[in-house]
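Model the placement of chains B and C on the given structure of chain A, informed by the hints.
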Amino acid sequence: MTDILTVHEVRINEEIDIVHVRQAARDLAVSVGFSLVEQTKLVTAASELARNTLVHGNGGRARIELGRALDGTPTLRLAFTDTGPGIADIDQALTDGYSSAGGLGLGLSGARRLADDFDLDTEPGKGTTVTVGFRARRPARG
Amino acid sequence: MLCPKFARRIANPQRDDLCRAISPKGAMEDNRMTAGSDPTIRDSVTAFLKDHRQDIERVWASTALFTARRPADAAEECSELLTGIVEVIVSGGEENAAATGFASVRPVLTSLAARSAGGPSGSDRPDVTVLKGPLLRLWHDRAPAETAYRGDLLLSNVLNTLRIALLEIELSAGADTILAQRAQLTELSTPVIKLWDGILAIPLIGTLDSTRGQTATESLLEQIVAQHARVAILDITGVTAVDTLVAQHLLKTAVAARLMGAECIISGIRPQIAQTMVQLGIDLGEVATRATLADAFARGLSIIGMKVSNDERNAG
Amino acid sequence: MSRTSVIELQDVLLVTIQGELTDRDAMALQEELTSSVASSSARGVLIDVSGLDIVDSFLARTLHDIAAASALLAADTVVVGMRPEVAITLVELGLTLPGLGTALTVADGMDKLNGSARPR
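From first to last, the protein sequence lines stand for chains A, B and C. One point on numbering: in our numbering, the residue at position 79 of the first sequence is 66, and numbering is uninterrupted. Counting from 1 along the second sequence, just add 7 to a position and that's the residue number in our numbering. Counting from 1 along the third sequence, just add 30 to a position and that's the residue number in our numbering.
It cannot be assumed that every hint is accurate.
[Stated by the list, open to error] In silico lysine to any residue, SDA-like type, Cα no more than 20 Å apart, as pairs: (1) B:K259 x A:S96; (2) B:K259 x C:A58; (3) B:K259 x C:T126; (4) B:K259 x C:E62; (5) B:K259 x A:E110.
Keep in mind the hints are simulated off the structure, nothing from the lab.
With the rest of the complex left out, here is chain A (with noise of 0.2 Å):
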């Protein structure tokens, strides 16, 4: 259970905006206190995630939750939302090296090892949603 503090949304149409994407959730994880692995972990995740919306699902946007666990741990949700083809066959998409665009095939699978959560929410014919959820390890201090 978390209450959401902010949402950042972020189209995804262009190649520049995986940068834009990375950005954002950037600047989101240091503004809680997330450690340099922490942060380092949450960009790559966001960086294979929006590739994906971009190249496998035509484009959408990317929408980023910054919020506070129970505890006090500061956590961001990261959802991916796309209306492309969507995904016939979910084992095999998170299946390492299945790539049906030529890459190393580790986007979705490798951005499932590094989150804390996970969720994948898809229909063929419409659309695609991605959703990743990162919490700081140690609560933030001060």
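Leaving out everything else, chains B and C in the frame of chain A:
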């Protein structure tokens, strides 16, 4: 939004209902509907507490709660408690432990909690319910018969909530201690040691949970940069058990070190741990392993181009 | 947004990457490097990534491809200066980049390309 299913997932409307249900504000409004709906009882109890202030403080100071205190301190704490309780009743917050009146007696409660030696589960915990009997007896002696019962209810509510406020303070003190000790333990148990110019070792001891494992990895990798180390030795002589997760963590640390340009050696694999690892099918892949820290150190020296020789034999 | 530079040091191409790299920047770098290796007949490629905040799977693939293409042109590739948090994240992502040469600093990388450990 793509379809209703998506909207439900993201907005999570149930969350808002839950927050409302547990909010202190809601609790306060509820209690106004019950005991406090009659303003006259609230007024007469407040008047009673103010008029008999000295009597109440006197009977409270002689309860078990204050036996260990110097009389002057006990009187002062009782007085502060009573002031807070009057504030709570006036504001109608007797069922809300977060009401401002309870917040103002926090220092007294903290001092009570600090005096308990046994912690929250100990038998000598301070118990504020001992204040209830003497207070209610005084109230019965002074109150008109027709309001006595409703006054009982109000005063009991205040003291019950005071007990919850004290319990919250005790619990948070316990949680703070646990957090502080865990942080100390994490730092204590992961020292990075320089064995030679360019060779670092980290002796891992006890049980490697994921927090301690991550802290160890991060400090080792940071020290590789800071000390410009080409060799990092992970010594697991003191690790009680190596399961698949621990092995995976060691492997990840070794690979991360290699990505940075340092070579990782895992040492101190005791025979029974080696057997367990084989039984679990754990393969450390291309990571160099050695039986002892000394063997790993020798290997490290050869990696950085150092040779160890016996002076006497060479001289002879 | 990103600054990449390629300089020739003896028979080694020293590449420094800094700032935010778009996928297109990464692909352009790969093409430029591969043709530089061919035209300069360099013996080694040294890629300094100490200025990078993150390396995601796309950039990791680019590094891997640069090394593979350079190897075909008889040049060794060494990636130097990867930050600890970047290395931890890459491993967690599932990218171990086997076979890619690594070193702590540019100087260490040079030694590695010259085939000798630096005496201390």
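Structure-based check of each hint:
As the CA atoms of K259 of chain B and S96 of chain A are separated by approximately 17 Å, the hinted pair is consistent with the 20 Å bound. About 31 Å separates the Cα atoms of K259 of chain B and A58 of chain C, which puts this hinted pair outside 20 Å; it is violated. With a CA separation close to 9 Å, the supplied pair K259 of chain B and T126 of chain C stays within the 20 Å bound. Among the hinted pairs, K259 of chain B with E62 of chain C is inconsistent with the structure: their alpha-carbon atoms are about 33 Å apart, more than 20 Å.
With a C-alpha separation of about 35 Å, the suggested pair K259 of chain B and E110 of chain A falls outside the 20 Å cut-off, and the hint is violated.
Hint check: violations occur at hints 2, 4 and 5; the rest are consistent with the structure.
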